[in-house]
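As you go down the protein sequences, you meet chains A and B in turn.
Residues 1 to 331 (the working numbering) are what the first sequence spells out, left to right.
Residues 1 to 331 (the working numbering) are what the second sequence spells out, left to right.
Keep in mind the hints are simulated off the structure, nothing from the lab.
We treat Cβ as the ideally placed atom computed from N, Cα and C, and that holds for glycine.
Treat the hints with caution; some may be incorrect.
Restraint ranges, calculated between C-beta atoms of paired labels, are given here [said to hold, decoys possible]: (1) M278(B) with L29(A): 48 to 56 Å; (2) E240(A) with G108(B): 39 to 47 Å; (3) D114(A) with E172(B): 56 to 64 Å; (4) E139(A) with G282(B): 23 to 31 Å; (5) G44(B) with P8(A): 52 to 60 Å; (6) G108(B) with G44(A): 54 to 62 Å; (7) G200(B) with V42(A): 48 to 56 Å; (8) G44(B) with G284(A): 37 to 45 Å; (9) E240(A) with E171(B): 51 to 59 Å; (10) A198(B) with I237(A): 52 to 60 Å; (11) L29(A) with G203(B): 20 to 28 Å; (12) G96(A) with D182(B): 29 to 37 Å; (13) G284(A) with D25(B): 41 to 49 Å.
For lysine-lysine, the following DSS-like pairs were computed, each having C-alpha atoms within a straight-line distance of at most 25 Å [stated by the list, open to error]: (14) K316(B) with K2(A); (15) K279(B) with K329(A); (16) K201(B) with K289(A); (17) K66(A) with K201(B); (18) K66(A) with K66(B); (19) K329(A) with K66(B); (20) K66(B) with K129(B); (21) K329(A) with K38(B); (22) K66(B) with K289(A); (23) K2(B) with K316(A); (24) K2(A) with K2(B); (25) K227(B) with K2(A); (26) K329(A) with K2(B); (27) K38(A) with K316(B); (28) K2(B) with K227(A); (29) K289(A) with K329(B); (30) K66(A) with K316(B); (31) K38(A) with K329(B); (32) K227(B) with K201(A); (33) K201(B) with K227(A); (34) K2(B) with K201(A); (35) K126(B) with K241(A); (36) K289(B) with K201(A); (37) K241(B) with K316(A); (38) K289(B) with K2(A); (39) K201(B) with K2(A); (40) K329(A) with K316(B).
There are 2 protein chains.
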Amino acid sequence: MKKIINRPDDVVRDMIEGMRLANQDIRVLPGTGVVVRKDAPVPGKVGVISGGGSGHEPAHGGFVGKGMLDAACAGDVFTSPSVDQMMKAIRAVDAGRGVLIIAKNYTGDNLNFDMAMELLEEEGIKTAKVKVHDDAAVEENADTTGRRGVAGTMLVQKVACACAEAGGSLEEVKEAAQSAADNVRTIGFALSPCIIPAVGKPGFSLGEEEMELGTGIHGEAGIRRMKVDTAHNLVEIMLEKLLADMPLEEGEEVCVLVNGMGSTPLMELYILYREVHMKLTGEGIRIAKAYVGEYMTSLEMAGASVSIMKLDERRKRFLLAPADTAGFKQF
Amino acid sequence: MKKIINRPDDVVRDMIEGMRLANQDIRVLPGTGVVVRKDAPVPGKVGVISGGGSGHEPAHGGFVGKGMLDAACAGDVFTSPSVDQMMKAIRAVDAGRGVLIIAKNYTGDNLNFDMAMELLEEEGIKTAKVKVHDDAAVEENADTTGRRGVAGTMLVQKVACACAEAGGSLEEVKEAAQSAADNVRTIGFALSPCIIPAVGKPGFSLGEEEMELGTGIHGEAGIRRMKVDTAHNLVEIMLEKLLADMPLEEGEEVCVLVNGMGSTPLMELYILYREVHMKLTGEGIRIAKAYVGEYMTSLEMAGASVSIMKLDERRKRFLLAPADTAGFKQF
């Protein structure tokens, strides 16, 4: 394992400390992995928080700041944050109008967020939660806990946080987040595994010319192993899967996110985006906004994902509103 | 070679096309790899351009936009852009007050930029050039063509472009760029090589637990191979080398850039930054601004670099001025 770290057990602590030292607009609640907007609680604003296991940076600590999250709870690598972290985060950002939690659909994250919400209700803090389950690679059926939350979560956060910034009530912010979550799908692939520092070896392996479609952001098995194909063919396969799940009509307006998993060069992400753009516009879809870069990574995994969010006037306005955070800036 | 591309020979063309499709603030001069600010030439403003081989994204095409570059010439992967590209870029951004070229110190880039400048002089376009050679790993002596230009180039571009945006004359913009170039040093390391798409295999190899200090951004040999060390020890070694070359006095103000080479996770970049921050502030150095992320990559190379720029009041003001580009945004 080649990693530039100190002790494997300290990676999250050291990283969060590095984030804080590099970013004057955030603070860290002492002794926790909770990153908070320096000016939180923001008077009159509904708070929005998120969180999950570490290893997906800049998500979510890198999205804390003006126009985006009020706080993010960082668990250990690929491990849910604790109920205690979540309670501290919620208390730190509540300005009296309540706090929305945006959770990716993982069992541990949600159990803990639900527990934190229940305990805080007794303190009189209003909370609500929206689950993101955008991974179109996972079938929704009785045997699974449902789709995983992956890169599309960032777009849901952006929409919800802009609604909060615009003065929305907890109900309105929740409704904005829910409508974003309902209208976003993601499909990803991996070319190589990643290594959890405390484990020290890859979680799975792929052959010399092999890739996997639908791999989760923690290396969860995907839906199909195949020979590495051209960007063109790969996008055909990915979009077929995604659009079967969320059909788009001619003339419909969308946002596209091409997200790098960690070690796929920006060059390849732009090549992928070109294929997505040509395919969608060729079918009469209008792309109102495109994001290409690393937003929800899996340590050093090679691979990428494509997310599409359907836009209506309201989601579009919230999506395009300004934000100023380390990992997501928009004028 | 696992890459998400179409034909290896088309990677730069496809990437530039992807950049253009994803970014409404740029255009691409037809049939070239020249990315230009959509509103160029900006009336009354000195133009600033840069360029070099591709494979270092977001540098330089991702830095084209408001507050940063007016244009960037993308050569083939790790290959100098042509004289023709450079001439087209300069013509496209000249608003009559001249154009500054910021070149990394590579022979081919500079020969071509010099030729382009000479030819354009005959057309009456005023140009000037500043060379960046910030790599503290390379000794300056008669046997070398001098230090290489690496990640510190982005900071030089930022300072120069803010001076141009503020209305500086060609001489003033050149002077700002030169003062930035004179006051920045970088030291990097590699944990793994990268693969040029048209070559198909790594340019060098490193042992299972081996890293190389001072590797160039095209995989040029560094100054020392060593066992992978802790982030703490590595930063000690890197800063010793860098500060021997550019000593800092107690109380001095600097900007720090921790730049990822391609496949090193943001987690590790923040861990590295933490060490740099503690070391410098422990010696009484004031860090006015920190950047942590991927700005000057080497395809999928694993590794990172640390750049330090000494600030005076003027460089600081220009550095902190706003910019809105795909690869570098600042409010």
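Of the hints given before, which are not true for this structure?
Structure breaks hints 1, 4, 10, 11, 12, 13, 14, 15, 16, 17, 23, 26, 35, 36, 37 and 38.
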